[in-house]
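**Student:** Line order of the protein sequences matches chains P and Z.
1 is the number of the first residue of the first sequence in my numbering; add one for each residue after it.
1001 is the number of the first residue of the second sequence in my numbering; add one for each residue after it.
Honestly, the hints are just simulated from the structure, not real lab data.
Just so you know, not all the hints are guaranteed correct.
To be verified - Stretches of chain P that chain Z covers, calculated by requiring three or more beta carbons in the stretch to come under 8 Å of a beta carbon on chain Z:
hint	stretch
1	9–19
2	35–48
Unchecked claim - Here are the simulated SDA-like pairs of lysine to any residue, each with C-alpha atoms no more than 25 Å apart in a straight line:
hint	chain 1	residue 1	chain 2	residue 2
3	P	Lys53	Z	Ser1263
4	P	Lys53	Z	Ala1265
5	P	Lys290	P	Arg247
6	Z	Lys1053	P	Ala265
7	Z	Lys1290	P	Leu15
8	P	Lys53	Z	Ala1264
9	Z	Lys1053	Z	Ser1263
10	Z	Lys1295	Z	Ala1282
11	Z	Lys1290	Z	His1030
12	P	Lys290	Z	Gly1017
13	Z	Lys1053	Z	Gly1289
14	P	Lys290	Z	Arg1046
15	Z	Lys1290	P	Arg46
16	Z	Lys1053	P	Ser263
17	P	Lys290	P	Thr130
18	P	Lys290	P	Ala250
19	Z	Lys1053	Z	Val1126
20	Z	Lys1233	P	Pro107
Keep in mind it's a predicted model, so treat the numbers as computed, not measured.
Just so it is clear, CB atoms sit at the ideal spot from N, CA and C, and this is done for glycine as well.
Number of protein chains: 2
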Amino acid sequence: MLTATLLGCGGTQPLPGRALSSLAVTVGGHSVLIDCGEGTQVAARRFGVSVYKMAAVLLTHYHGDHIFGLPGLWQTMAAQGRTEPLLMAGPPGLEQLVRALLCVAGPLPFAIQLAEDAAKAGPLPVLGGTVQAFPLRHRTPCCGYAFTLPRAGRFNPARARALGIPVALWRTLQQGRPAGGFQPRQVLGPPRRGLKVVYATDTRPCGALEQAARDADLLCMDSTYPTDEFLAKAREYGHATCPEVGRLAAGAGVRRLWLTHYSAAVTDPAPGLAAAQAFFPAAEAGFDGKQLQLKFDEE
Amino acid sequence: MLTATLLGCGGTQPLPGRALSSLAVTVGGHSVLIDCGEGTQVAARRFGVSVYKMAAVLLTHYHGDHIFGLPGLWQTMAAQGRTEPLLMAGPPGLEQLVRALLCVAGPLPFAIQLAEDAAKAGPLPVLGGTVQAFPLRHRTPCCGYAFTLPRAGRFNPARARALGIPVALWRTLQQGRPAGGFQPRQVLGPPRRGLKVVYATDTRPCGALEQAARDADLLCMDSTYPTDEFLAKAREYGHATCPEVGRLAAGAGVRRLWLTHYSAAVTDPAPGLAAAQAFFPAAEAGFDGKQLQLKFDEE
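Bound-form chain P, shown alone (with noise of 0.2 Å):
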């Protein structure tokens, strides 16, 4: 099971009530953080994400409003006791903001292990599963992420009767791990299903994101303005407008779409998700605090 939880939906500031936009993807307690703006830390605390158990924080782009929360956060894991390294993503220049930051952060009592430049690299492996950034169109370099969590192919306990294999290592070839010199693959059926969580945001509509989020469980995505009243801004300023994030959504076939990244003007996300809801029906309107449970299909 996976628990996406969105820790605010604001963007550019923080507002009593409306933190910056962050999501949290926990699998069994242990999270992955995407983007940390100012106040962060205190929404995980009050959404009942625990900061302790922070397995990697993956930023998207370096304006104020997605890392200001940085150096709070890492001194608070400081005070909870980590030692544990914490691995963190983003796009070129991640070397050079942590390094800044730990000017007036550090020291702290544990390593900090960058992966710059992620939307060119491989599938970060987290959480059981895997993270995998990709290019998104904002006004600097910037970063979206896909966290998928695999699922083994169907147990098949006839053939591993027929094998010889003892019952008590039925289990661990089952989540997919050798065990007593068997391997998974000859007792599994082809891999199944498994759960996807994307989070897009600060970006136009691209066609890597839309590839990215494609059949995707849950898509967050760069929701600044409200109608296409606003397409002129969105495009001068690298953001979206909600009815190119229901097309979008529509157009990569996505189960869920929560709106987040309000611009600090929509006071109301009523008109903004009904002009996205036009395009893609399921479309939800993000809030702090919003949580979802995603299992995977029944078979």
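Could you slot chain Z onto chain P? The hints should help.
**Tutor:** Quick look at chain Z alone, frame taken from chain P:
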């Protein structure tokens, strides 16, 4: 009139419902902000303190819980169109800190004027009054701040008439500014008692603080630990216990005392408040948004 607004009362980590310790002193709509931990800009907005109209940001020291809100505050000022220079003061290390934070938050459309090693400098003029920094006793160089709003002497209309000063000039002279070749001292009595607000955290009780707080209208002081059971910890980490705070306030003869900068382990301020009141009965427990309007004494 002067308004003191406690924007947050927490130490170390921001919590849901408890922002990090920060005080805004407001005169005529413009403010001086003392300390700026993560979340201070949101607290300011929540409690009606204009970020745009902040004349100065004073830092007590450079631990994360007092400074990590700065880059976000600056960018919000920039987004709101600020071009006026921002005065910043702090203990030695200010320029280095500002430079490091500008690496991630800059460039800004306004200049930052630095008053480094503020406790060794004279009073800084701001909001029609002055701010004087003074040294505190913490684990790192740290200073408290005393903001004083002076009050001119009583205006003597008989004397003004005798000198032939046109009535149109009276108000300016009354406010302490020369007008039409006349000097305020020609028509004003001796200066009267003004207003003084003193903010001191993080610190052990110390002589410089007791002296700076003498006769203050309001003292906000580090009350990290509730009772003297925590005295060893208070000494180790450079903080104060509530009984120590009560004793210092009584010794300095302050008019009002607010406890602030509670340890994250303090969920109920009542025991600490009772411990402070044993020495200073008028002590009050600080809370996020606690506000006081101070007026000149009736005479």
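**Student:** Hint by hint, note whether the structure agrees.
**Tutor:** Here is what the structure says about each hint:
Coverage of a stretch by a chain is defined here by at least three residues with a beta carbon nearer than 8 Å to that chain's beta carbons; for the stretch 9–19 of chain P and chain Z the count is 5, and the condition holds. For the stretch 35–48 of chain P, the proposed coverage by chain Z is satisfied: 7 residues have a C-beta within less than 8 Å of a C-beta in that chain, meeting the threshold of three. A distance of roughly 23 Å separates the Cα atoms of Lys53 (chain P) and Ser1263 (chain Z); the hinted pair therefore holds under the 25 Å criterion. A hinted pair counts as satisfied when its Cα atoms are at most 25 Å apart, and Lys53 (chain P) with Ala1265 (chain Z) qualifies at roughly 20 Å.
Of the supplied pair hints, the one linking Lys290 (chain P) and Arg247 (chain P) holds, its CA atoms being roughly 22 Å apart against a limit of 25 Å. Between the alpha carbons of Lys1053 (chain Z) and Ala265 (chain P) the distance comes to roughly 20 Å, so the proposed pair stays at or under 25 Å and holds. In summary, the hint linking Lys1290 (chain Z) to Leu15 (chain P) is supported, as the alpha carbons are separated by about 19 Å, within the 25 Å threshold. Under the criterion of a C-alpha separation no larger than 25 Å, the hint pairing Lys53 (chain P) with Ala1264 (chain Z) is consistent with the structure, at around 19 Å.
Straight-line distance between C-alpha atoms of Lys1053 (chain Z) and Ser1263 (chain Z) comes to about 30 Å, which puts the hinted pair past the 25 Å bound. Between the alpha carbons of Lys1295 (chain Z) and Ala1282 (chain Z) the distance comes to roughly 18 Å, so the proposed pair stays at or under 25 Å and holds. For the suggested pair Lys1290 (chain Z) and His1030 (chain Z), the alpha carbons sit about 18 Å apart, so the restraint of at most 25 Å is met. Note on Lys290 (chain P) and Gly1017 (chain Z): the hinted pairing holds, with a Cα-Cα distance of about 19 Å set against a maximum of 25 Å.
Distance check on the hinted pair: Lys1053 (chain Z) and Gly1289 (chain Z) sit about 18 Å apart at the alpha-carbon level, within 25 Å; holds. Under the criterion of a C-alpha separation no larger than 25 Å, the hint pairing Lys290 (chain P) with Arg1046 (chain Z) is consistent with the structure, at around 22 Å. For the hint linking Lys1290 (chain Z) to Arg46 (chain P), the alpha-carbon distance of about 22 Å falls within 25 Å, and the restraint holds. The straight-line distance between the Cα atoms of Lys1053 (chain Z) and Ser263 (chain P) is roughly 23 Å, inside the 25 Å bound, and the hint therefore holds.
The suggested pairing of Lys290 (chain P) with Thr130 (chain P) holds, with an alpha-carbon distance near 23 Å, which does not exceed 25 Å. Proximity of Lys290 (chain P) to Ala250 (chain P) is assessed by CA-CA distance (about 21 Å); at most 25 Å being required, the pair is judged to hold. Proximity of Lys1053 (chain Z) to Val1126 (chain Z) is assessed by CA-CA distance (about 12 Å); at most 25 Å being required, the pair is judged to hold. For the proposed pair Lys1233 (chain Z) and Pro107 (chain P), the alpha carbon gap of about 22 Å is at most 25 Å, so the pair holds.
Hint check: a violation occurs at hint 9 only; the rest are consistent with the structure.
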